[in-house]
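Colleague: Hey, can you work out the whole structure from these sequences and the hints?
Listed below are the residues making up each chain.
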Amino acid sequence: MSEGATQLQVSVWRGTGTGAWQTFQVPRRSNQTVLDVATYIQRHLDPTLSYRYACRVGMCGSCAMSVNGVARWTCRTHVSRVCADGRLELAPLANMPVVKDLVVDMQGFFDKWRDAQGRFVRGPAGRHDPVARVRPDSPARQQADAGIECIGCGVCYASCDVVTWRPEFLGPAALNRAWTLVNDERDTAGAARLAAVAGDAGCHACHTQGSCTLRCPKQLTPTASIAGLKRTVARAAVRGELDDEAARGQA
Amino acid sequence: MAMAIFVAVHLGVMIWAMQGGLTAAEILGRTQGSVAWMLFYGVFVLLAAVHAGIGLRNILVEWTPLAPRPAGWAGNAAAAVLLAMGWRAVWAVTWAGAA
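So the protein lines, in turn, are chains G and F. Under my numbering, think of the first position of the first sequence as 53, with each following residue one higher. Under my numbering, think of the first position of the second sequence as 495, with each following residue one higher.
Derived from the structure by calculation, the hints contain no laboratory data. As the structure is a computational prediction, the values presented were derived from the model and not from experiment. Do not rely on the hints blindly, as some may be mistaken.
Stated by the list, open to error - Short derived list, chain G residues pointing at chain F, Cβ under 10 Å:
#1 Trp65
#2 Arg66
#3 Thr68
#4 Asp213
#5 Val214
#6 Thr216
#7 His256
#8 Gly262
Claimed, not checked - Now the in silico label distances, taken between C-beta atoms and shown as ranges:
#9 F:Ile509 x G:Thr260: 25 to 33 Å
#10 F:Ala571 x G:Thr68: 16 to 24 Å
#11 G:Thr260 x F:Leu516: 53 to 61 Å
#12 F:Gly506 x G:Thr260: 50 to 58 Å
#13 F:Met508 x G:Ala192: 39 to 47 Å
#14 G:Gly67 x F:Met508: 38 to 46 Å
All C-beta atoms in this analysis are idealised placements derived from N, C-alpha and C, irrespective of residue type, glycine included.
Modeller: In structure tokens form, the structure reads like this:
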């Protein structure tokens, strides 16, 4: 970052899947984040720019977009860290359809959470039964705890080349969530969830590329979660506990 | 998982056996007529063929416009070829020309 530069050259994607890059000159300020840059453009240069943010303090994950080709949270990305030569490139997250400019349609991303059985399935206990006693230091609970902080921002999904090459791949976030539930002793989905993640589009499609773990803004490890799913699914398959019909019916 | 064991044994034996040089005749002297080597490498070839078939299918699906089912056929075909060639080699090295 040249010390004397006072203007950033910011190239922003405008349009939908088809569109064009538009360049803006944005004043360089100290401690500036990429979100500051996008907000400056929308407020002072072009009010028709569409982008997402909410908390602007690195909690909600709404501001995820592609900055110089890498999926990041713009509110947590200082310009000084990513802008060596005064140039910035802002693009919508990869692997998701573009709604407009920097906004993507995340419906497919969340549909895959559903497809991976990424929801808690309760057991027979009701509100009048004693609360389940789950030891926090049990190995399974530690595995679950390592992955439950996911807020569904989509950065891992946008960083995964396997999602790009195989669009039906459930993806790191959905599989990470499934793994936390596999390790939740209160959950009763059991074999159905393993069958859901065992198909061609499930955990076995992962090539351990690791971009998800590299890029996760909350330092989660979907790669490890998917490896856990591979082990668990393989063990269940060998024992004949996997529902073959359901597994073959997946993507 | 099983492949890891086979690969480790294969590499280990090769590295150990190659110490001090090894001729083809010496190798064949040990493997000809050996049921143990035939079984070991027979299973290894089977695992490798399956592994390669699945892998090829996945790569075809990811990199070509091929749909999953034709890609599966291509994978199976490759696996069959590797199985035939591999078992033929195992047979030649362990049993043919002996007993």
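Colleague: Against this structure, judge whether each hint is valid.
Modeller: For each hint, the structure was consulted:
At a threshold of 10 Å, the smallest CB-CB gap from Trp65 (chain G) to chain F is about 26 Å, leaving the interface hint violated. Checking Arg66 (chain G) against chain F: minimum C-beta separation of about 30 Å lies over 10 Å; hint violated. For Thr68 (chain G), the interface hint is violated, since its Cβ never comes within 10 Å of a Cβ in chain F; the closest pair sits about 24 Å apart. Look at Asp213 (chain G): its Cβ gets to within about 9 Å of chain F, closer than 10 Å, so that hint holds up.
Taking 10 Å as the C-beta contact cut-off toward chain F, the hint placing Val214 (chain G) at the interface holds, the least distance being around 7 Å. Given hint, Thr216 (chain G) at the interface with chain F, holds; its Cβ is 9 Å from that chain's nearest Cβ, closer than 10 Å. Because the smallest distance between the Cβ of His256 (chain G) and any Cβ of chain F comes to about 8 Å, under 10 Å, the interface hint for this residue holds. With a least beta-carbon distance of about 17 Å to chain F, the hint placing Gly262 (chain G) at the interface is violated under the 10 Å criterion.
Evaluation of the 25 to 33 Å hint for Ile509 (chain F) and Thr260 (chain G) yields a pass: the beta carbon distance comes to about 27 Å. Between Ala571 (chain F) and Thr68 (chain G) the C-beta distance comes to about 41 Å, which lies outside the given range of 16 to 24 Å. With their beta carbons about 36 Å apart, Thr260 (chain G) and Leu516 (chain F) fall outside the hinted range of 53 to 61 Å. The hinted window of 50 to 58 Å between Gly506 (chain F) and Thr260 (chain G) is violated, with their beta carbons roughly 25 Å apart.
For the hinted restraint 39 to 47 Å between Met508 (chain F) and Ala192 (chain G), the CB-CB distance of approximately 41 Å keeps it satisfied. Gly67 (chain G) and Met508 (chain F) have their C-beta atoms about 58 Å apart, which leaves the hinted 38 to 46 Å range violated.
Going through the hint list in order, the structure does not satisfy hints 1, 2, 3, 8, 10, 11, 12, 14.
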